[in-house]
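Undergrad: These are the residues of each chain, in order.
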Amino acid sequence: MENDNRQWVADKMSFLNPPDAWNPDSTAALARFHQRRPGESWWYLATAAAVFIAAVVWFPAGRAVAQQLWQFLTVHRVAVIRVNSWPRGIAAPEIKMLGSMIPPIPASDVDQVRRRVNYEPRLPHPGVLSDSPRLSTTFSLAGGTIVKTAVLETALQKAGITGVTVPPEWDNAQLALHTSGVVVAEWPDIMLAQSLPLTLTAPPGFDFPVFSAIILRVLGVAPDEAQRLATQMGTAPPWLLPLDRDFDKFATIEEVQLASGPATLILEKDRTTIFWSVPDRVYLLSGKLSRELTIATANAVQ
Amino acid sequence: MHVATISDISALAGSTADFDSLFAANYKPLARVIYRILGDSAAAEELAAEAFWKLHRSPPASKGNLAGWLYRTGLRLAFDSLKKRKRRALYEAKAPVSAAVQNPEEVVNQQEQQARVRLALSSLNPVQASLLILRSEGHSLNEIAAILVLNPNSVGTLLARADAAFRKEYVNRYGER
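Sequences listed follow chains A and B, in order.
Just so it is clear: in the first sequence, position 29 is 29 by my numbering, and no numbers are missing.
Just so it is clear: in the second sequence, position 175 is 477 by my numbering, and no numbers are missing.
Bound conformation, chain A alone (with noise of 0.2 Å):
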């Protein structure tokens, strides 16, 4: 029976075989995974585009910080904030990115990444970097999270605040920051990306200065200065990006002043990362250079 049954599955698993003249071309196909793949990992750049997903992003101190920082990278500026941490034995709130991640195409030259994207291309003034950028553009980007009312009323209670009630009608909306097309400049040790100011969504009537005031108060903020931060976002709220618990092993993070305002920047052992807004624009620089260079590479942006 058992060979029988064997045989019987072989015939009708015949009418899956490829056709002969199908021949899948590795060498082609080699070819366009390196095109997809600019000098770093597409994954590192969508990644890092993705920083302009977040409204709000998470660092533990680095050394030469005290405290755990929560920095605000909101729709329209850069502000940092210093808070506790989120209560331990409780989910942080975890942004995640929507839809499928397509890898940056590759553009010939500013006209072609201005024509995809709809807007102006900034880049460093000539000669601040030796070389011509190599440039590709990304669809729009797309994360967020979705809202767990248990979780934020654990939160809640694990951090000994009272009297705060998460509205029911919030579990499970969904809320998203959107970028436009991004644009993505590489020379041979910085890249820089960069995106129209983020756009939100999320469910009809979703209370966003009370979402924000909730999530500051658990993270320690006192509830009049939590109300005033949360009131100021209005329709920019913090969001929330976990990143590394032993970031602090390996980065550290200060706020900077460039030319045209507040940026933050983290200092790893190979790497310098910097990210700011300005009011048309959000931007993040990272490479190899030295944090100075980095500073005036991101001065030099227009």
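Derived by calculation from the structure, the hints in this document are not laboratory data.
Glycine residues also receive a C-beta, built at the ideal position from the N, C-alpha and C atoms.
One should not assume that every hint holds.
[What the hints assert, rightly or not] To give an idea of the chain B side of the interface with chain A (calculated C-beta under 10 Å), a few residues: (1) D322; (2) Y329; (3) R334; (4) W355; (5) P362; (6) G370; (7) Q412; (8) L423; (9) I435; (10) D465; (11) R469.
[Unchecked claim] Listed next, the stretches of chain B that the computed footprint assigns to chain A, with coverage defined by at least 3 CB atoms under 8 Å from CB atoms of chain A: (12) 347-354; (13) 443-452.
Starting from the known structure of chain A, fit chain B onto it as the hints suggest.
TA: Just chain B, lined up with the frame of chain A:
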């Protein structure tokens, strides 16, 4: 029959040259396996490349048996894609048929058979479906065990069960023929 060989890649450490070797050795056989599930050459090549992307951007912690990891990823992508195909009739109509098939009646018959086999396969659990697909592509029991991370001594038994499960599923739907 094409028989794919699992490259010995346990020593690969992620360099470009190693990655290219891995790609060259496994892209085509992986695309063929995926084709069996989807019946669409373009989708098969796309998903095979996608499996390599996943390896490139999120490599597994262990560098041993990367080819097995690729196959498992490719199989999962293919079965997920198969389940998402709602308009199966249209999809099957796009599947090419053997060059040996001569007349329209045979074409229709072969497409119908392909659809039936794929539908029955998609009803099995993923491991059973993968076992049958890999065997039909000519992989040995040891290779199948390595790809699916199974005990080599149990693969024969699992295949026999998969045969029985497939036949039962198929016959329940369409009869013996």
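Undergrad: Please write out, lowest number first, the hints stated earlier that are contradicted by the structure.
TA: 5, 6, 13
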